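Colleague: Read off the chains here:
2 protein chains.
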Amino acid sequence: MGRLVLLLLLAFLMPGLAIPVPPALKALSNLHLSTSFTSRPSVVMKYSIHYIEQKIDHFGFKNDKTFNQRYLIADQHWRKEGGSILFYTGNEGDIIWFCNNTGFMWDVAEELKAMLVFAEHRYYGQSLPFGADSFRDSRHLNFLTSEQALADFAELIKHLKRTIPGAENQPFIALGGSYGGMLAAWFRMKYPHIVVGALAASAPIWQFEDIVPCGVFMKIVTTDFKRSGPNCSESIQSSWDAINRLTRNGTGMDWLSEALHLCTPLKNAQDVQHLKDWISDTWVVCQYLNNPNLSDKKLLQNIFQALNVYYNYSGQARCLNMSETSTSSLGSLGWSYQACTEIVMPFCTNGIDDMFEPHPWDLKTFSDECFKQWGVKPRPSWITSMYGGKNISSHTNIIFSNGDLDPWSGGGVTKNITNTLVAIIIPEGAHHLDLRANNAFDPMTVLLARSLEVKYMKQWIRDFYASPRKKH
Amino acid sequence: MGRLVLLLLLAFLMPGLAIPVPPALKALSNLHLSTSFTSRPSVVMKYSIHYIEQKIDHFGFKNDKTFNQRYLIADQHWRKEGGSILFYTGNEGDIIWFCNNTGFMWDVAEELKAMLVFAEHRYYGQSLPFGADSFRDSRHLNFLTSEQALADFAELIKHLKRTIPGAENQPFIALGGSYGGMLAAWFRMKYPHIVVGALAASAPIWQFEDIVPCGVFMKIVTTDFKRSGPNCSESIQSSWDAINRLTRNGTGMDWLSEALHLCTPLKNAQDVQHLKDWISDTWVVCQYLNNPNLSDKKLLQNIFQALNVYYNYSGQARCLNMSETSTSSLGSLGWSYQACTEIVMPFCTNGIDDMFEPHPWDLKTFSDECFKQWGVKPRPSWITSMYGGKNISSHTNIIFSNGDLDPWSGGGVTKNITNTLVAIIIPEGAHHLDLRANNAFDPMTVLLARSLEVKYMKQWIRDFYASPRKKH
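If you read the sequences in order, they're chains Y and C.
Counting the first sequence from 1 gives a position; my numbering is that position plus 35.
Counting the second sequence from 1 gives a position; my numbering is that position plus 35.
Keep in mind the hints are simulated off the structure, nothing from the lab.
All figures in this text were calculated on a predicted structure; none of them were measured in a lab.
Take these hints with a grain of salt, some might be off.
Capping the alpha-carbon separation at 16 angstroms, the derived lysine to aspartate or glutamate pairs in EDC-like fashion look like this [said to hold, decoys possible]:
hint : chain 1 : residue 1 : chain 2 : residue 2
1    : C       : K407      : Y       : D403
2    : C       : K254      : C       : E269
3    : Y       : K193      : C       : E269
4    : Y       : K97       : C       : D403
5    : C       : K412      : C       : E392
6    : C       : K193      : Y       : E244
7    : Y       : K407      : C       : E146
8    : Y       : K412      : C       : D92
9    : C       : K97       : Y       : E244
10   : C       : K81       : C       : E145
11   : C       : K493      : C       : E146
12   : C       : K193      : C       : E88
Part of the chain Y face toward chain C, derived, beta carbon under 7 angstroms [as the list claims (entries may be wrong)]:
hint : residue
13   : F94
14   : G95
15   : K97
16   : S173
17   : R174
18   : N177
19   : E182
20   : K193
21   : T376
22   : S420
23   : G423
Cβ atoms here follow ideal geometry from the backbone N, Cα and C, with glycine treated the same way.
Chain Y on its own, in the form it takes in the complex:
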């Protein structure tokens, strides 16, 4: 259980933002979708690195400039006869990191006679449209959208079909986790002529305006904490007021800074808010937190133990650095921009259904902050216009998998929509655990999910080979 909780919680850690988000919003608005857990692959991962020249702007003709998109290929198990091509729709980070963390694809390659392709998302890793200037301003960031990323994927697959002998007549399947899972699903919806199906793991495609309640994420977090031990969520709930009471004066702040071994002592109310946000983001283990009725000081000392397990796992750190988080492989700048434009996911807490201090979702403030940071305003309803919200039943061949512990499952598809738009629930599963490599500690539930996923993919491949195909 401990390991699952760990995986689960890593899933909603916030990356270290280089551009500060105001504390009140930080905890709720920039949750990063991906985890930083590196699994040990059960096969040797050998891939080659490639680059394709992509238009910076697929949707306009004035800007004719190009950039190099990176992608990885592993073809040890690929067979030209009856094979397939598994295409990872890269999300917000270095593609090598996703390649290393998607052991599932490596594990199934032989069975599906599959070539593996991992495509890096523009503005992440090495795929920077304007090199070091890519994040300079809204002009340079203007081409960072999901639509442009999907068009990159489409052009890349076209290029692979044209240049790799044998690839043209093979079925491509999109796979991705988290935001990458959203991209995999959207790719199948918008480019069904290019991929025969998609495995969208832990893809919260409904975590958008008015589709699911903004509190669902933190509610699931709280439920998970309740499961993980008696009194855990209650301890956390009590801790906010304890912090508030203790930090009313400088002595209390000094005590708390020392009790938590903070690298930089708390000096003012803003620091305290930052601390609370940092703790909110970091809830990891509950074994030290089973009594909510302790004295304020005792409770906060226990909380230090909890934080320390997570941030100081080596035991070497002399103090806790609040600017450190676990997701440094992920592209925080790019994601912060995406969260401020298209990928506007409302989050809120009310302190009743969840163990956090109440934070309503405040689009106005959020929008103002985005404008201050990036010079752009979010369009919270655009994703639904573009990708259909809950009205997606006319699409086919998409698997939506979700771990029921994963707070992102609150915005995911967790029930079958049609017999080809299917949901797989992984009891006790964490954030796209199914995409990880097989592991001796895997619960039976995730093994079953993976084998069901393979079954669907095999069906798509069979359907592809059974149907007459056109060249265009």
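Add chain C to chain Y, keeping to what the hints say.
Modeller: For chain C alone, coordinates are given in the frame of chain Y:
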């Protein structure tokens, strides 16, 4: 037959281009898809005019500017109980013109209890993103793409659902003819959550790179001429050399200028080429052209009679003005830009399968000319990446109708793809004749086509009401 041929030929007339296209390309590269035939409606057309504020750039966040898109609404026959909304996906011209020329929608409104909506395409009619500056340069034209137009339609429908009581829970059906038919089909493919189906009339969605032979269009034109009378196409085929022989010297040019009553006499080889292009574009009636073995001069005098029937139908014009064509309601500037960017339709003739002088399709020259005119380069393969080319079988609920006389049918879908992606062929039908109002002279074939179209639309509406619907 005469009327059908007239309709047919009006379908490939080129608009009067304000920015000259080099003669060699003119005849083949800028064929306008729409006709200028105004049908008499069988019902009174009463509509209200509206405007919606649209983002100039749906696909980027730097430019936050908006423009007013015009649309028309006619709701005389609309019923909130069990009704439907027919949505015309406007193409390259003033939307009032399409509204007046799509009598089919008016004729079926009562039967389908339908509201009619006609949405103007950005950069045409009054829907100019930058007002008078809209066509100034590639920077201003950068937002003239089919993707942006479809996004306008999606946002407009969302707006209608939000603001018109009763519209939210009704099925929307996309309809369009010619490029508008392409948009209707693409709209259903990309936004199936927004429209339940599409009627794509005479939509040459395959008239793109490497999908159909570039000569198919002119081959069908030639076949039609062969049908329309003995020796007609042979006369035309002979006329090119007759013109070439006669215009080797100034006397011959003078004779020909006078024989054809040209407003501006021919002075050089370039003028002669312009003349041949103009005639190629204008072939209309063949009754004066039934003997290809006349003397050069006699043949060309007959050709004057033929041209005169078409351009001087009132008998008032004293001479023929080669800069005049029939499609002045259409937005030539915008279409020329679209033909130079996304909507790159290769056309060619070889003089063997068709009655024209040989013109190979020359992408390089075409691209250079586009760059000279607009500062942009065409991306001939993009439309196929985006919309799937021949691989569209995973979509549903699209009717592709084509008249078999229509040269655009060569790039259209003329066979069923699946049982919900259906083709309707209208024997002796011209360019989207089925979208015209019912008319006493309609051949039985088009009446049958229209009733089949209504049958499919009713099925989509029934399916919509029979299925559980989501709010998003």
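Colleague: Confirm or reject each hint.
Modeller: Hint by hint, here is what the structure shows:
Our distance criterion of 16 angstroms between C-alpha atoms is broken by K407 of chain C and D403 of chain Y, whose separation comes to about 43 angstroms. Our distance criterion of 16 angstroms between C-alpha atoms is met by K254 of chain C and E269 of chain C, whose separation comes to about 13 angstroms. Of the supplied pair hints, the one linking K193 of chain Y and E269 of chain C is violated, its CA atoms being roughly 44 angstroms apart against a limit of 16 angstroms. The straight-line distance between the Cα atoms of K97 of chain Y and D403 of chain C is roughly 15 angstroms, inside the 16 angstroms bound, and the hint therefore holds.
Straight-line distance between C-alpha atoms of K412 of chain C and E392 of chain C comes to about 27 angstroms, which puts the hinted pair past the 16 angstroms bound. Of the supplied pair hints, the one linking K193 of chain C and E244 of chain Y holds, its CA atoms being roughly 14 angstroms apart against a limit of 16 angstroms. Proposed proximity of K407 of chain Y and E146 of chain C is contradicted: the alpha carbons are some 53 angstroms apart, above 16 angstroms. This hinted pair checks out: K412 of chain Y and D92 of chain C have alpha carbons roughly 13 angstroms apart, not beyond 16 angstroms.
Distance hint between K97 of chain C and E244 of chain Y is unfulfilled; the C-alpha atoms sit about 22 angstroms from each other, more than 16 angstroms. Of the supplied pair hints, the one linking K81 of chain C and E145 of chain C holds, its CA atoms being roughly 14 angstroms apart against a limit of 16 angstroms. Between K493 of chain C and E146 of chain C the alpha-carbon distance is near 9 angstroms, which keeps this suggested pair within the 16 angstroms criterion. Proposed proximity of K193 of chain C and E88 of chain C is supported: the alpha carbons are some 12 angstroms apart, at most 16 angstroms.
Annotation: interface hint on F94 of chain Y holds; nearest CB of chain C at approximately 5 angstroms, less than 7 angstroms. Using the Cβ-Cβ criterion of 7 angstroms, the hint placing G95 of chain Y at the interface with chain C is satisfied: the shortest such distance is roughly 4 angstroms. With a least beta-carbon distance of about 4 angstroms to chain C, the hint placing K97 of chain Y at the interface is held under the 7 angstroms criterion. Contact between S173 of chain Y and chain C, as hinted, is supported at the beta carbon level, the nearest pair being about 4 angstroms apart and thus within 7 angstroms.
Checking R174 of chain Y against chain C: minimum C-beta separation of about 6 angstroms stays under 7 angstroms; hint holds. With 7 angstroms as the threshold, the beta carbon of N177 of chain Y comes within range of chain C, its nearest partner Cβ sitting at about 4 angstroms, so the hint holds. The beta carbon of E182 of chain Y comes within 5 angstroms of a beta carbon in chain C, closer than 7 angstroms, and the hint placing it at the interface holds. Because the closest C-beta pair between K193 of chain Y and chain C is about 6 angstroms apart, less than 7 angstroms, the hint holds.
At a threshold of 7 angstroms, the smallest CB-CB gap from T376 of chain Y to chain C is about 4 angstroms, leaving the interface hint in force. Hint status for S420 of chain Y relative to chain C: holds, with the closest Cβ pair at about 5 angstroms, below 7 angstroms. Hint status for G423 of chain Y: holds, given a least beta-carbon distance of 3 angstroms to chain C, under 7 angstroms.
When held up to the earlier numbered hints, the structure conflicts with 1, 3, 5, 7, 9 and fits the remainder.
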